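Quick mapping for you: the protein sequence lines, in order, are chains W and B.
Sequential numbering from 190 applies to the first sequence in my numbering.
Sequential numbering from 47 applies to the second sequence in my numbering.
Any given hint might turn out to be false.
As the list claims (entries may be wrong) - Derived lysine-lysine pairs resembling DSS-like cross-links, with alpha carbons at most 30 Å apart:
(1) W/K581 - B/K132
(2) B/K136 - W/K581
(3) W/K616 - W/K581
Unchecked claim - To be clear about the criterion: a stretch of chain W counts as covered by chain B if any three or more of its residues have a C-beta under 8 Å from a C-beta of chain B, and this derived list gives those stretches:
(4) 258 to 271
(5) 388 to 402
No wet-lab data here; the hints were simulated from the structure.
Keep in mind that this is a model prediction, so the values were computed, not measured.
Yeah, the Cβ is synthetic: ideal placement off N, Cα and C, and Gly gets one too.
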Amino acid sequence: MPDAPLIGPYRPDDVLAWEQGGPRTARQFLSDVARLAESLPDRPTVLNLATSRYEFLIGFAAAILRRQLTLLPQSRASQTLRRIVGDYPDSYGLTDREETIEGIESVSIQLRGGRAPWPGEIPGIPLSQVVAIAFTSGSTGQPMPNKKTWGALTGVAHATGSRLGIKGGDRAAVVATVPHQHMFGLEASVMLPIMHGLVMHAGRPLFPADIRSALADVTGQRILVTTPLHLYACVTEGVRVPPVGLILSATAPLSRSLAQQAERHFQTEVHEIFGFAEAGSVAQRRTIDGDQWRLLDGVRVVQDQTSWMVHAEYLPAPVPVPDRITVDAHGMFVIHGREADQVNVAGHRVSLGDLNQKLLEIDGVQDGVFFMPEEGADLVTRLMAFVVAPGKTSEELQRALRTHIDPVFMPRPLICVPSLPRNATGKLPRESVSELARQWLAGQGHDA
Amino acid sequence: MTSSALSPLEQDVAKLIVQTLKLKVDPATIDPTQALFGEGLGLDSIDALELSLAISQSYGYQLRSNDPEINAIFSSLRTLTKAIEKNRTK
């Protein structure tokens, strides 16, 4: 069975990660991984919630060596974790803090200093080994599992690297603002650096001042893996940053004007990645060049009866594209919007059906619907919800909902209504909800 | 003065939070000791980022999450206001 090494071209004393202000070499990494692998419980699946990107990687690599599957929850919301633990009851948790996960055994990741031995050979992992499961929101309210093989993760890392001109041994440093448990974060901020022998910054800077100091922590060429939101914050704040060689943005569409501002501000090229959890990264573009996406090498899109399907050697089966796209003769494509049930809030994709289901599970809720307003001038367009729940207040419902859904999907606002405009067949056409939202927004000035 | 009465700066910061994040809350009713994130007002990290931009623009104070006290700063309206008072440049 063909395999691929756990890490790319590092010499023993090359820095692999920058952890809390200090370097970790490839030698230390392999020793950290081997030691943790020995001490992991004998279980099939692990929920890796480490907050440090480096400690997450140690846990991920150790689990791979033990042939365990790493579960990647969409969020840390307690309900999300409970559902996943319910589906995978033999799991244990990996954390890098004194943190426990309800209902399962937790192991904390410990690093040791000092000089570590070099194992001589970097472990090889079979390309067909399933190493992770990324969860997406299904329309039934249950998280949908998407299996990721080592071949898929390494394939995407190499295709992305070659498209962006990243060469093995460049020794560039990757600083990322995206979570590593998110598919794009795993691919661009963990797999991309370790497959190319780059330096991975373990932090996850949030505010512009944090991004500046994380970039200043590392030397040499810098790659910033981020989102339109963080780019907007840096440009607006006008923070002075050390030179950046490349910016990679994903999770939400980046406007051309923001891309232009970001290119000027950071004095570098801003590239975007298009992808989704089911297929991983699929295409790339330099945003200022136009709205056309170019597929990564080895990826094809083929139209079937209902939608466009992504094909790649490393995907066990073709995967439908969750957006409406048009493809030209050269395989370049343009995105026109989401398929009906899917919405994206700040880079988190969710099925409205799933959210509606969770709303209806709340005690006292008779009817309810989530609605995504048209994107406005705001930084992030939030969902709103209309709920029929006699005797309940908006605050009570918000509190109950908060334990069921990721905070990013919380409705702003949640509006209690006497009934929803369902039609004769009981359906709730989008236009009717849209009209309800329009009326409510128009009346906002009066009832405040 | 009871612990839940808002100081003038707390009132301004409460207004800034409600306006920036479009919350359906009367700024005057925010409990200054209540948590802003998670439970309480239920804000998330995107809110934190939006709020940091508004605070920077209004008060010239750039928040940093690797500030060892960031959780304390964000723990309530009162602690956030104290941090703004101490670090503001305008």
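Hint-by-hint comparison with the structure:
The suggested pairing of W/K581 with B/K132 is violated, with an alpha-carbon distance near 41 Å, which exceeds 30 Å. As the CA atoms of B/K136 and W/K581 are separated by approximately 43 Å, the hinted pair breaks the 30 Å bound. Restraint check: the Cα-Cα separation between W/K616 and W/K581 comes to about 24 Å, which is no more than 30 Å; the hinted pair holds. Against chain B, the stretch 258 to 271 of chain W contributes 0 residues with a C-beta closer than 8 Å to a partner C-beta. That does not satisfy the three-residue criterion, and the hint is violated.
Counting residues of the stretch 388 to 402 of chain W whose C-beta sits closer than 8 Å to any C-beta of chain B gives 8, which meets the bar of three, so the coverage hint holds.
Taken one by one, the earlier hints fail for this structure at numbers 1, 2, 4, listed in ascending order.
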